[in-house]
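Protein chains in written order, with this note's numbering: chain A, 1 to 177; chain B, 1001 to 1148.
No lab work stands behind these hints: they were computed from the structure. These numbers come from a predicted model, not from an experiment. C-beta atoms are modelled at their ideal positions from N, C-alpha and C, and glycine is treated no differently. Heads up, some of the hints might be wrong.
Claimed, not checked - Straight-line alpha carbon distances no greater than 27 Å define the calculated BS3-like cross-link-like pairs of lysine-lysine that follow:
{"no.": "1", "chain 1": "B", "residue 1": "Lys1048", "chain 2": "A", "residue 2": "Lys131"}
{"no.": "2", "chain 1": "A", "residue 1": "Lys14", "chain 2": "A", "residue 2": "Lys57"}
{"no.": "3", "chain 1": "B", "residue 1": "Lys1048", "chain 2": "A", "residue 2": "Lys30"}
{"no.": "4", "chain 1": "B", "residue 1": "Lys1062", "chain 2": "A", "residue 2": "Lys30"}
{"no.": "5", "chain 1": "B", "residue 1": "Lys1062", "chain 2": "A", "residue 2": "Lys57"}
{"no.": "6", "chain 1": "A", "residue 1": "Lys14", "chain 2": "A", "residue 2": "Lys30"}
{"no.": "7", "chain 1": "A", "residue 1": "Lys14", "chain 2": "A", "residue 2": "Lys131"}
{"no.": "8", "chain 1": "A", "residue 1": "Lys57", "chain 2": "A", "residue 2": "Lys30"}
{"no.": "9", "chain 1": "A", "residue 1": "Lys131", "chain 2": "A", "residue 2": "Lys30"}
{"no.": "10", "chain 1": "B", "residue 1": "Lys1007", "chain 2": "A", "residue 2": "Lys14"}
{"no.": "11", "chain 1": "B", "residue 1": "Lys1062", "chain 2": "B", "residue 2": "Lys1007"}
To be verified - Distance windows between CB atoms, simulated:
{"no.": "12", "chain 1": "B", "residue 1": "Gly1077", "chain 2": "A", "residue 2": "Val157", "range": "48 to 58 Å"}
{"no.": "13", "chain 1": "A", "residue 1": "Glu7", "chain 2": "B", "residue 2": "Gly1077", "range": "18 to 28 Å"}
{"no.": "14", "chain 1": "A", "residue 1": "Ser156", "chain 2": "B", "residue 2": "Leu1091", "range": "41 to 51 Å"}
{"no.": "15", "chain 1": "A", "residue 1": "Gln173", "chain 2": "B", "residue 2": "Val1131", "range": "42 to 52 Å"}
{"no.": "16", "chain 1": "B", "residue 1": "Leu1083", "chain 2": "A", "residue 2": "Glu20", "range": "23 to 33 Å"}
{"no.": "17", "chain 1": "A", "residue 1": "Val157", "chain 2": "B", "residue 2": "Ala1088", "range": "21 to 31 Å"}
{"no.": "18", "chain 1": "A", "residue 1": "Met85", "chain 2": "B", "residue 2": "Ala1031", "range": "45 to 55 Å"}
{"no.": "19", "chain 1": "A", "residue 1": "Gln173", "chain 2": "B", "residue 2": "Met1001", "range": "20 to 30 Å"}
{"no.": "20", "chain 1": "A", "residue 1": "Ala114", "chain 2": "B", "residue 2": "Cys1003", "range": "40 to 50 Å"}
{"no.": "21", "chain 1": "A", "residue 1": "Val157", "chain 2": "B", "residue 2": "Glu1025", "range": "38 to 48 Å"}
{"no.": "22", "chain 1": "B", "residue 1": "Gly1077", "chain 2": "A", "residue 2": "Ala16", "range": "54 to 64 Å"}
{"no.": "23", "chain 1": "B", "residue 1": "Arg1073", "chain 2": "A", "residue 2": "Arg28", "range": "16 to 26 Å"}
{"no.": "24", "chain 1": "B", "residue 1": "Gly1087", "chain 2": "A", "residue 2": "Gln17", "range": "37 to 47 Å"}
Now for the letters of each chain:
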Amino acid sequence: MQHIADETLMERIKTAQDREAFTMLMNRHKTHAYRLALQLTGDHDEAMDCAQEAFVKVFTRARRYEDGRQFWPWFVGILRNTVRMLRRTTWRRRKAGAEELIAGLPDHCDDPEAAARAAELWRRLFALPPKLREVMVLRHQEGFNYEQIAAVLGVSVNTVASRLHAARQRLAQDHEM
Amino acid sequence: MKCSEAKENLSRYLDGELPAAQAGELERHLADCAACRADLERWRTWGKELANMNFSGDHDRKLDVFETSVYARLERGIAWILLSLGGALVLASALFYAIRDVLLNPEIVWPMRIGLILLILALIILAVGVVRHRLSTYKSDKYKGVLR
C-alpha cells in the first residue's frame, strides 16, 4: 500500500473531515502518543486519557492546522497542553510516580547494573518539576531541537536552554547526594 | 575560560546549539579540564539512556481499542454541545417568561419585581465582566498561539 504522509492526511481531515484519514493517522501515532504522554504524566490512565483527548482535538480543531506544517511537532504541542490542562484540574492532580513506570521498563536480565542505573535515572527524572521534566523528555525522547521545543511549549529558545541546563544540573545534584 | 563559564555553556554544547565560536572556546577548555569533561560525558550518557528507554505495561492493551474510544469521545463532545444549546434555549425562554409574567404583572408585589430586576442586572453584569476580562487577557496572553 502506498504510504500517505501525515501532512496529506491532515489536509484531508481539515478540508473534508475525512474519518478514514483520521483513523489512519491515529493508528500510526497512537503508541508513540501514549508513551510520550506516559513520560509527561507518570500515570498510565492519565496518559491514555490525554492521548485520546489530544486526538479528539486534532479532529475537532483541524481547521487550525497550517498547511505544510509538520504534523508530529504540532501534535506534541496539543498533547503537552492537554496534559497541562488535565493536571491543572485539582481533583485529578497526583504526584507523578516513577515506580509503576519503572516496573514496566524492559528487563535487563543480562545486565542488572544497567537496569538499576536506568531505574535510578527515571526516579530522578520524575522527581523534577514538570517544567524541567518535559524539556528533558522532548529533547531526549523526541529528539526535538531547541526551536521545536520552544514552539511546542510557547516559550523562547533561551527559556528552553535555561530549563534544560537547570534540569541537567538538578539531575547531577541528585546524583551526587 | 573558567569552569563556571564553561558549565553555563555545557548544556547548549551537548545539544549542538552553541554558536561555533563559543563551541571552539569551550572545546579548548574541555581539553584541559577533566571535571567539565566528566560532567559532559555524564550528561551525554543520561541523554542516550533516556532516548533508548521504552515503557510497557498492561495498559498497552487499551491501545487496541484506542480508535473506538476516541470516536466515542467525539460523539460525547457533540452531545455536550447539543446539551449546552438546549440548556441556553430553556434558560432564555425562562427569562423571557419571567420578564413577561412577573416583571410586567401589576398584581405581583413590588419587592418581588425589584428582586427579579436585580437578578437580571447581576447576570448581565457578570456576563459582560467575563467577556471583557477574556478580551483584555487575550491581548497579553503569551500562550494564545498554543493550541489548548
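Is it true that the CA of Lys1048(B) sits at most 27 Å from the CA of Lys30(A)?
holds (24 Å)
Holds or violated: the 20 to 30 Å window for the beta-carbon distance between Gln173(A) and Met1001(B)?
holds (23 Å)
Do the Cβ positions of Glu7(A) and Gly1077(B) conform to the proposed distance bound of 18 to 28 Å?
Cβ of Glu7(A) to Cβ of Gly1077(B): about 25 Å, so the range 18 to 28 Å holds.
Need the status of pair Lys1062(B), Lys30(A): alpha-carbon distance at most 27 Å?
holds (11 Å)
Distance restraint between Lys57(A) and Lys30(A), which requires alpha-carbon spacing of 27 Å or less:
With a Cα-Cα distance of about 14 Å, the restraint between Lys57(A) and Lys30(A) holds, given a limit of 27 Å.
The hint says 45 to 55 Å between Met85(A) and Ala1031(B); measuring C-beta to C-beta, is that right?
holds (48 Å)
Just to be sure I understand the hint, the distance between the Cβ atoms of Ser156(A) and Leu1091(B) should be within 41 to 51 Å; is that true here?
holds (44 Å)
Would the pair Lys14(A) and Lys57(A) pass a check requiring their Cα atoms to be no farther apart than 27 Å?
holds (12 Å)
Holds or violated: Lys1048(B) and Lys131(A), Cα atoms, limit 27 Å.
With a Cα-Cα distance of about 21 Å, the restraint between Lys1048(B) and Lys131(A) holds, given a limit of 27 Å.
Take the C-beta atom of Ala114(A) and the C-beta atom of Cys1003(B), compute their distance, and say whether it sits inside 40 to 50 Å.
violated (30 Å)
Supplied distance hint 38 to 48 Å, evaluated on CB atoms of Val157(A) and Glu1025(B)
violated (21 Å)
Taking the CB of Gly1077(B) and the CB of Ala16(A), does the distance hold inside 54 to 64 Å?
violated (19 Å)
Hint compliance for this structure: hints 7, 10, 11, 12, 17, 20, 21, 22 and 24 are not met, and every other hint is.
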